[in-house]
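Generate the whole structure from the sequences, applying the supplied hints.
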Amino acid sequence: MHKGRVLFCVFLIAVAAYAVWAAVGWTFKAKLFPLTVSIPLIVLAAIQLVAEIFGKADTGEGQAVDLEFASDVAPELARRRAIRAFLWVGGFILLVYLLGFPWAVPIFVFSYLHLQSRIGLPVSAALTAATWLFFYGIFQRLLHLPFEDGLIQTWLGV
Amino acid sequence: MFDALIDGLWLVLQWKAFSLMMVGMLLGFAVGLLPGIGGAATLALMLPFIFKMAPAEAFAFLLGMHAVAATTGDITSILFGVPGEAISAATVVDGYPMTKRGEAGRALGAALTSSLLGALIGAGALALAIPVVRPLVLTFASPELFMLAIIGISCITSLSGAGARGQIKGFAMGLLGLLLSTIGQERQSGSLRFDMGMMYLWDGLDFVPVLVGIFAIPEIVDLAIRGTAIAGERQPENLKAGVMEGVKDTFRHYWLVFRCSIIGVFVGILPGAGGGVAQWMAYAHAVQSAKNTKDREGFGKGDIRGVLGPGAANNSKEGGELIPTIAFGVPGSGAMAILLGGFLIMGIIPGPDMLTKHLAITFSMVWTLVIANIITVVLCLLVLDQLAKITYVRGGLIIPFVLLLVFVGSYTANGQIADLIVTFIFGLLSYFMVLYGWPRPPFVLGFVLGKVIETYLFISVSRYGFTWLRHPVVITLIVLMVIIIAYPYIQQRRDRLRSLANA
Chain A
1 MHKGRVLFCV FLIAVAAYAV WAAVGWTFKA KLFPLTVSIP LIVLAAIQLV AEIFGKADTG
61 EGQAVDLEFA SDVAPELARR RAIRAFLWVG GFILLVYLLG FPWAVPIFVF SYLHLQSRIG
121 LPVSAALTAA TWLFFYGIFQ RLLHLPFEDG LIQTWLGV
Chain B
1001 MFDALIDGLW LVLQWKAFSL MMVGMLLGFA VGLLPGIGGA ATLALMLPFI FKMAPAEAFA
1061 FLLGMHAVAA TTGDITSILF GVPGEAISAA TVVDGYPMTK RGEAGRALGA ALTSSLLGAL
1121 IGAGALALAI PVVRPLVLTF ASPELFMLAI IGISCITSLS GAGARGQIKG FAMGLLGLLL
1181 STIGQERQSG SLRFDMGMMY LWDGLDFVPV LVGIFAIPEI VDLAIRGTAI AGERQPENLK
1241 AGVMEGVKDT FRHYWLVFRC SIIGVFVGIL PGAGGGVAQW MAYAHAVQSA KNTKDREGFG
1301 KGDIRGVLGP GAANNSKEGG ELIPTIAFGV PGSGAMAILL GGFLIMGIIP GPDMLTKHLA
1361 ITFSMVWTLV IANIITVVLC LLVLDQLAKI TYVRGGLIIP FVLLLVFVGS YTANGQIADL
1421 IVTFIFGLLS YFMVLYGWPR PPFVLGFVLG KVIETYLFIS VSRYGFTWLR HPVVITLIVL
1481 MVIIIAYPYI QQRRDRLRSL ANA
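Same order as they appear, the protein sequences are chains A and B. So in this note's numbering, the last spot in the first sequence is 158, and the numbers never skip. So in this note's numbering, the last spot in the second sequence is 1503, and the numbers never skip.
For the record, the hints were derived by calculation from the structure and aren't laboratory data. Remember, predicted model here, so these are calculated numbers, not experimental data. For every residue, glycine included, the Cβ atom is placed at its ideal position computed from N, Cα and C. Among the clues, some could well be false.
[Claimed, not checked] Below 30 angstroms or equal to it, Euclidean Cα-Cα: the simulated DSSO-like pairs (lysine-lysine) are:
{"id": "1", "chain 1": "B", "residue 1": "Lys1294", "chain 2": "B", "residue 2": "Lys1248"}
{"id": "2", "chain 1": "B", "residue 1": "Lys1301", "chain 2": "A", "residue 2": "Lys3"}
{"id": "3", "chain 1": "B", "residue 1": "Lys1301", "chain 2": "B", "residue 2": "Lys1052"}
{"id": "4", "chain 1": "B", "residue 1": "Lys1016", "chain 2": "B", "residue 2": "Lys1294"}
{"id": "5", "chain 1": "A", "residue 1": "Lys29", "chain 2": "B", "residue 2": "Lys1240"}
{"id": "6", "chain 1": "B", "residue 1": "Lys1451", "chain 2": "B", "residue 2": "Lys1240"}
[Stated by the list, open to error] Partial pick of chain B residues on the chain A-facing surface, computed with a CB cut under 7 angstroms:
{"id": "7", "residue": "Lys1052"}
{"id": "8", "residue": "Trp1202"}
{"id": "9", "residue": "Glu1245"}
What follows is the structure, encoded as structure tokens:
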């Protein structure tokens, strides 16, 4: 039994069960479609859950037509790197939330290049400057995308 | 008719119209490369600039821009695994694994050449269909459109893994996509569903942040896990030879490219379906056309046919979408709705006049599609080897730049921080989907088609009760759906019997 696979099935069942629970109180028109798709989803995820628990899921015949992660990296190392990658992605969103895109972009790019990718200071600074120029030139000057201020600027009123 | 065809060409080749088309193409090229910023949004941004143009100039500018966005969108999908356009997501599935295998040049060559052939077939269909389009489109009322969307969903059988377990996972993912498409205001009664008290969810989940999260984040995480360049630690391929190989692949599989182009045209003609559906139907068709189960195994791991099918359908659907837009003023997609605005700005009313009084302008659109795509593909083929070199740059240098593109692209959907959070959540979900072997394409198909299915089902039932099930086209489509669902099983059974006979 693979704990992660079992948990993913449970997650699917929980999502579909929540959908059923939320939908039952709605009008007929509003609930028909969500119920029609949620109930079979519960059934299919439950079948897969049973197969995972009783160890019949890894037959290899059910391989998806999709990406497969690198298999040449040790699982423990891969897990650590994946967690670190998600933390960087989450960190970038947090930076955008706090400072807005125009400030978050150079800070994130420089931090990632210097701290994560271990690039020397001059190269990191040069690449950060190039990225910021690209961001400013394309998205702000050319396309005029409206980037919201970050929370900190809003607090400070600048 | 022939005179109008020549007049249309002449209108596009006028220096002003041609220059504007080139400017439009340049913009479309950039927009296609930048993830999330769709061709439709750029068309809307550029609409105010056409006020002082003549009709043929305005359409050369707008269509030139729109025509190339789908083509260049494939480039980002193949090089980084990040869909450059919502309509080029299917190219990621096989294009990016080819890049990881060191075959970026071949994948790009194939994508661009199939895009060009698709665009030419789409333009040809537009030219040929205009006189006969009226009865065709009128045959498709809401029940037929509902059944067509169901056929799209039935493609899940081909997009899922073989065997019972693969099908269970595929259909579960399709259902999850359908379920998440119901978030937001229900169109018939106006009730809010699964909004969790957040105004952001009232309009439902936007396609761009979801799609970018689903496809881009796991690819970026995978790159971080490997700690190498996108193409691994291989010696750089002979890029020119790779590109040429991709071009040859297109002609080697010309019949598949043709069929997928026709799928693109047909889906483009039907309102509401759009390129998001056409690419997946074409991809599913490419998978389904594999000779046997073994031949099918390469899909998702870098099969060239998985690049050719969506590439052709993406571009042929442009011609298809223009057919109802020109003939009836019924736009087939968001981009076409904006183009319709362009018609009205120019004082042109779509409809019979486009086939009589303004026939030369109609043909100028056909020529714009043809010329813009030829120029783009030729220019791209000249610089592809330089672009493909990016895949040999260390991943640690590329990741922050790609993340920037991903999140700015997502942010353009609604201009809210919530767009980034949606991208992150779906990125996380997608990571676990890949990790545990739950296929993402059926999820995307369900998500794209969910609203279409629900809307057309309600209209059909309200308008016809259940008598719509007896419509001849509906019955034909039901039979077609059964064939599509049953085909992979028939194929497996045939393979089993054949291997038993050989043993």
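Outcome of the hint check:
1. B:Lys1294 x B:Lys1248: 23 angstroms, holds
2. B:Lys1301 x A:Lys3: Cα-Cα ~26 angstroms, so holds.
3. B:Lys1301 x B:Lys1052: 50 angstroms, violated
4. B:Lys1016 x B:Lys1294: Given that 30 angstroms is the threshold and the Cα spacing comes to 54 angstroms, the pair is violated.
5. A:Lys29 x B:Lys1240: It is violated: about 57 angstroms lies between the C-alpha atoms, which goes past 30 angstroms.
6. B:Lys1451 x B:Lys1240: 44 angstroms, violated
7. Lys1052: It is violated, given that the least Cβ distance between lysine 1052 of chain B and chain A is near 21 angstroms, above 7 angstroms.
8. Trp1202: Because about 14 angstroms separates tryptophan 1202 of chain B from the closest Cβ in chain A, which is outside the 7 angstroms limit, the hint is violated.
9. Glu1245: 23 angstroms, violated
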